[in-house]
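Peer 1: Kindly generate the complete structure, drawing on both the sequences and the hints.
Protein chains in written order, with the numbering used here: chain A, 13 to 221; chain B, 110 to 380.
It is worth saying that the hints were derived from the structure and are not from the lab.
The reader is advised that the hints may include incorrect statements.
[Stated by the list, open to error] Computed Cβ-Cβ distance ranges for the label pairs, DEER-style: (1) B:A158 x A:S46: 56 to 62 Å; (2) A:D128 x B:S307: 36 to 42 Å; (3) A:S132 x B:Q240: 45 to 51 Å.
Keep in mind the model is a prediction, meaning the values are calculated, not measured.
Using N, Cα and C, we set each Cβ at its ideal position, and we do this for glycine too.
What follows is the residue order along each chain.
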Amino acid sequence: MSVFFDVHGLSFLDCGPYSFSLERGQCLGISGPSGVGKTQLFRALSDLIPSTGEVLVNGVSKAQLAAPRWRSQVTMLPTDSVWWYDEVGAHFTSPESLAYLQEMSPQLGLSEQIADWQVSQLSTGEKQRLALLRSLQIRPDILLLDEPTSALDVHNTQLVETLLLRLKNKEQLTLLWVSHDQSQLARVSDRILYMAKDKMTSVAPGVGD
Amino acid sequence: MVHTGGVISLSSFDLLLASLLMIVLALLSLFLKLGLEKKIIVFSVRMTAQLLLIGLVLRYLFSSTSFLLVFLMSFFMLCAAGREVYARQKRKIKGLAGYMINTGAMFVSSFSVTFIALWVIIDVQPWYSPQYAIPLLGMLLGNTMTGIALAVDQMTDQLYRRKSEVEQRLLLGQGWRDASIDIRRDCIRTGMVPIINSMAAAGIVSLPGMMTGQILGGTPPVEAVKYQILIMFLIAAGTGLGVISAVWASGKVLFDNRERLRLDLIRSGNR
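Peer 2: If you want it as structure tokens, here you go:
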């Protein structure tokens, strides 16, 4: 298998340089102490903060693409979801994305009519699941998940994991998954890296627990 | 009071009487612990000095129709207005860019509109006649200044407060224009509302300052009104143009070439 997502000597703020690579349709788990810069790593990968070093998708580096194009390909899902319109549906701008929302909602335990709901009436957990659908709707190649189930109970966590693993297997969606839950990382990841300020080290399965 | 022709000339004593009102206001502020008494006194004195000085400058300027002098005067007024807008902002954009956004927007709007008024509408000969050019420009700068100050202040503040919204939208693949469109629209509206409101109230609630001045100065009311209508149109056009360009330029500065929101370019501070 060839390298699909290649990170080479990436440095940002006071972190790095980090190098790692992934094949298409793999899931890389990332663990590490809080405050080490896992969120900033994702922000650097999606080019939301300045960084040095190279990041390539399928051989094309981020400098070669316009920033919005890059971000719709390497999309980050932040832990806390943010909503700016009153209705859920207003955040899904095209008819296709609304159809996608309606089709996928039941798979995450949400109503098919959720597009008509007011954001203010949603729970944090519902918002977190909807934000995942909002990010998936732009069809990224690589999804950077920052604690994607932090506000979810066991049942909904399982729904999210199942959906993401299915997309990974069926649609070759590549995932980077940050979590503090070691057993979750063990369930979803093909391999796990432990992040420190200056390097990433491989974690053998089972060792990180 | 001294009568000279149709106009009643004000004596220094008349002005002194009016200034007593400021003393009363300052005492009231002291009594109510508003903490404004120092400002009231300082700015009253400053305003008097500024206006007396400009009176002298204008007298000199009007006596000579020199393009260079009119140009220098306009340039000085522009810089002063730019500084004033900058000083009014809570979160300032760092460095020269912050100053240039306001000043540039005021230049684009006030100067172009004044020029059109002088050249096309009033058709003054020569077009830079100081009796027309300086007061018109002053009126436009003063009003676009208010609009731009409101809009840019709102823009930096909103981007700061709604950072996660803007970044989430960027992460969904939107460009900086889309990601900030709601904020930019709000800011443009905020900047333009005062002039739209004052158009609505003109003549019914308030008699605009210029018109009042002209009428007190002896101009027939209908003539004064015609000038006031012209001025209102100019101010509204200038404010709109200035606010739109200032908000656009702020966006251009605060999002870098990779369309990242660069809040590190804003100095957060207390007013």
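Peer 1: Hints first: check each against the structure and report whether it holds.
Peer 2: Cross-check of the supplied hints:
1. B:A158 x A:S46: 56 to 62 Å: Since B:A158 and A:S46 have Cβ atoms about 59 Å apart, the given range 56 to 62 Å holds.
2. A:D128 x B:S307: 36 to 42 Å: holds (41 Å)
3. A:S132 x B:Q240: 45 to 51 Å: violated (58 Å)
Checked against the numbered hints given earlier, the structure breaks only hint 3 and satisfies all the rest.
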